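Engineer: If you want the building blocks of each chain, they are given just below.
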Amino acid sequence: MFSNILANYGEIIAMIIFGIGFANLLLQKNMIKKIIGLNIMDTAVYLFLAEKGYITGRIAPIIVDGVTDPSMYINPIPSGLVLTGIVVSVSVTALMLALTIKMYERYHTLDIDKVSTELRKEGL
Amino acid sequence: MEIVRNFPALSIVMCMVGAILSSVLPKKLTRILNLLVITGVMVLSGFVFFYTLSNGSFVYTMGRFPAPWGNEIRAGVLEGMMAFFFGLIMFLSILGGRRHFDIDVKKSRQNLYFIMTNLLLSSLLAMVYTNDLFTAYVFVEINTISACGLIMVVQNGRTIEAAIRYMVMSLLGSGLFLIGICILYDITGNLLMTPVQNKIAEIAADPARTYMVPLVVAIALLCSGLAIKSALYPFHSWLPDAYGYSTVSSSAMLSSLVSKGYIFLLIKIIYRVVGFEIFKDSKIINILFIFGLIGMIAGSVKAIQEKDIMRMIAYSSVAQIGYIYMGFGLGSEAGMVASVFHIFSHAATKSLCFIAAMGLRDASDGSKKLTELTGAGYRNVLAGAAFTVAAFSMVGIPAFAGFISKILFAQAAVGEPVKMLPTVICLAISTILNAAYFMKTVLRLYSKSDAEYEKVNELKHPVYALCLVGFVALNVALGIFAVPVVEWITMGLGMFS
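Residue numbers (my numbering), protein chains in the order written: chain E, 490 to 613; chain F, 10 to 506.
Next comes chain F alone, as it looks inside the complex (with noise of 0.2 Å):
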């Protein structure tokens, strides 16, 4: 089975080869070829997956060259696991958006969306295989120019605006990350993530603490660098606009995918490069504790206030980046835990909401107001079905997912005195204010309206509804077999250091 060492570099390959055949062919192929390259992602990671839960973690060398110079690709159980449930929801997300997506998207742009579905797909399986910090950078910014063109892909006033101010956003945070690297490579002296953490510790561990300062400066950068990319709080201004006015599919994929690639790269980076630790002992931990406590409830209010069903979608998502932020600011193993099931538990579950809303709008003449969308769920039998359970999900009802991540995120918090207080109280506030928003949707979607709108019967798109089901079943399948799930989260994070 030594042959599995190379399926990780070998899938990024293969979506950068998909990528560039998709320019060429004609445009039923390309969609056949990306949902082939997608499946073959998820296959191969598969593979990964169960190789490194027997094997243990492996590292890949990349060229001729040895550890100090060269590059590396290093895989374990969790960067396997990530990687397959990318695959999983970017395939779920373009098959259900598929419907919209032909009448949003006119016929002369659909290679470009593929093209840059492609890229979106092989850059962020770099930033969670990758073993290189300079690596990491480069794929940040593909992954940045990918999502610019999928927020672009409709093209109106809105998504002009929205573009521009997420691309404003992201370099500026890729701007302070990259700088970050810089310092972190002067006062190291490598770029590689195994030779950087030995440095850092014997910085550390230096009784003069000569470096100690540009240390903590890099780790503020990395952190606030990758923050401000993955729409913390206060830096979340370009989110709403981007995942509310885009196609359907852009949306899902925006919400679930992009903003939680930056994220395992920054859970890479406390554990491969800094050191739990040491990120621990920074003060700058604590900073992060706080903006996600307060984006938590802040993310939760603003959605309540909004009236179109995709922007108040979007706004639960700053929420929710709040709550894995807050799960990193625990400083225990067991907030890292709740972090990173709470990444696999949203992604399932924000992308539902948007595909669900999909099919509800599309039963109430295609608006997104809220007031309009009175009485869909009985038009649209399994979009309101589907909805609901996401909203059960979001809001932490039992048998679902997000149940999970909450009593996990509530488990996690006991065993931090100080913070626990803090924790449970603003747990409980943005639970009942999810509970506020995602509730009364789902309450106007099942009362009556005097509203004639046409019924729609799913029956006769089976692909949309097939996808429905496929998602509502991760859902399930998260909040019931939890078990395994937390121990391999677990078992890839004892892996990492």
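Next comes chain E alone, as it looks inside the complex (with noise of 0.2 Å):
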């Protein structure tokens, strides 16, 4: 059990690092933590991908000087997923952070709740 733990600690930083962008996501008020909790979470599953597609000693798989056997490589899959990855979270963020731009115009806070309870006043 221990030496499970030894042997895969990075996998387990990245839970660990997931849990904390989660929570930052889901508990804190002020929209740009919130957003940073966002990328802390995606951040979080592109290290567990990272980690668990790497295995020391090999390359990335790009024939150069002509060795073919695949025992030399990593798989590329992991990383090509992360890039995905990456390419979604950025488009995300961009959209959070507009979306908070415009709340920021309209209501001059960043704390969503503030903006319920203004709501709330309004009565609309």
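Treat the hints as calculated values from the structure; they're not laboratory data.
Values in this document were obtained by computation on a predicted structure and should not be read as measured data.
Check the hints yourself; a few may be wrong.
PhoX-like cross-link-like pairs, simulated, lysine-lysine; straight-line CA separation at most 25 Å [unchecked claim]:
#  : chain 1 : residue 1 : chain 2 : residue 2
1  : E       : Lys-603   : E       : Lys-518
2  : E       : Lys-591   : F       : Lys-316
3  : E       : Lys-591   : F       : Lys-208
4  : F       : Lys-449   : F       : Lys-36
5  : F       : Lys-37    : F       : Lys-115
6  : E       : Lys-541   : E       : Lys-603
7  : F       : Lys-377   : F       : Lys-457
8  : F       : Lys-116   : F       : Lys-37
9  : F       : Lys-378   : F       : Lys-292
10 : E       : Lys-603   : F       : Lys-208
11 : E       : Lys-610   : F       : Lys-378
12 : F       : Lys-377   : F       : Lys-449
13 : E       : Lys-610   : E       : Lys-591
14 : F       : Lys-316   : E       : Lys-610
15 : F       : Lys-115   : F       : Lys-457
16 : F       : Lys-316   : F       : Lys-208
17 : F       : Lys-289   : F       : Lys-378
18 : F       : Lys-208   : E       : Lys-541
19 : F       : Lys-377   : E       : Lys-610
20 : F       : Lys-208   : F       : Lys-115
21 : F       : Lys-449   : F       : Lys-464
What follows is a list of derived Cβ distance ranges for each label pair [what the hints assert, rightly or not]:
#  : chain 1 : residue 1 : chain 2 : residue 2 : range
22 : E       : Ile-502   : F       : Lys-289   : 27 to 37 Å
23 : E       : Leu-516   : F       : Gln-314   : 23 to 33 Å
24 : F       : Leu-430   : E       : Ile-590   : 15 to 25 Å
25 : E       : Asn-519   : F       : Pro-493   : 35 to 45 Å
The C-beta atom is built at its ideal place from N, Cα and C for all residues, glycine as well.
Each of the two chains sits in its own frame; use the hints to bring them together as a complex.
Structural biologist: Here is the structure:
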């Protein structure tokens, strides 16, 4: 059990970071902190994938010196998934920031709960 | 007829091209293009449906690489039906809400709206047809972004708040979904659904049970991620604002298409990735069952307290999503069939509710308050009749779609000795609560009021009238010709495994 934890410390750290990001996205009131939480969460997933996809001593599967033995190379798919994930994460972050700007322009606060109370007062 | 095999991919690509063209075309052409694209999708998925009905399901390779490496699309009877139905509901919702759309949405933003609807349809189709887990994740995110665009198209304080809350909950859901896929990829080494399922069967049959814990964790993460995104009861807080304050077409599409897309993806994952037996043996199924039951009652109770007609209909969605998850939780083939049928019947009914409520509001000076709607059924005869049909269907009066799904749920529950009693009791309570708020509204529509609002003659708006008639016909058709639909659903679910 303990040896498993030592051998897979990277994955465990990734999971802890995922939890931190998740809690921030869920519990913070400030929108900017929420978005930071979102990015921490996504980055933890990429760390997890990178940690799983890399094998010590092997290299990326680009053949330069004629070595075609698959045991020399790592699996390129996890790295590909990380890249796709980054693209998705960037676009979502941009959208969230745009929404935050809209909210700030209208209510001059970054606190989503304050906006909710304001709306209740307006009685829209 | 081999050419039909290209149609699923073609319909996804067609929507995306439509979205790109919508950004440059003039406004009038964009509307026509949007309707053409949706009609095209309906025609293509109709072909897919009839092809798979006689020839069975097929797998279509995207690109040149074969199974374990490349990307695949898979189509069967159920996928064809879903895609056709999504297209039909979207067509009627957009046409039905058009009159308010012109008032609610600024001229300069109207093209953007059609970009979003086309993207929404393409992502829904991709979620329905895909055979690859990571592709599913990417399209889940596209769906979230375009749904956010549909909420934000009307800009006031309410929609901004609703869109932010929607995005936050959705991103939590997609984070869980993504990490679930990553764990699944790590223990199986594949992303395509068929090889993953074979590997999972090996893992479950392994007597040492080495990877059983990660497998259960991955299933739990996938389920909870998609449950958050489709607004299962404790995660529903974003839903009433998002559905209640946007333009009517958006509300209809969000309630009947967006959440249903995620649920269909979950069904596909349960059957095609995890395997129904393994899913049934994990304890997760009981958790879905309990939350489904709580949602059925809590959503209805919230809806009774609501004084705003749009929010009332929105809270009713929470209860209906509860029904669907309760059907998953029964853990039998019959429960699944009932859930899938409820996806169809709820989509047809809820969008009719929103579109009919729009006509009633027009006859009451645009007010959303239930008290102002007194007597609106006399002022706008057609919308009143359509809302009554929707209410009957929601409550479960025979001859309408809602009745069939309720009877299917009850029949499915009888087959499960332990879960029978709670299911039937909650079904009964929820039906009574449904009747309480829908019948209350219908009675209000047909009682005399002192308020003097102008009558609305729907014959002056033939498109809107036709949409209402179309929705009513759809509801009645699902209610009366339920037997072949249920047969097709059973056949489609059989093709999954």
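Engineer: If you test the structure against every hint from before, which numbers come out violated?
Structural biologist: Hint check: 2, 3, 4, 6, 9, 10, 15, 16, 17, 20, 24 and 25 fail, others pass.
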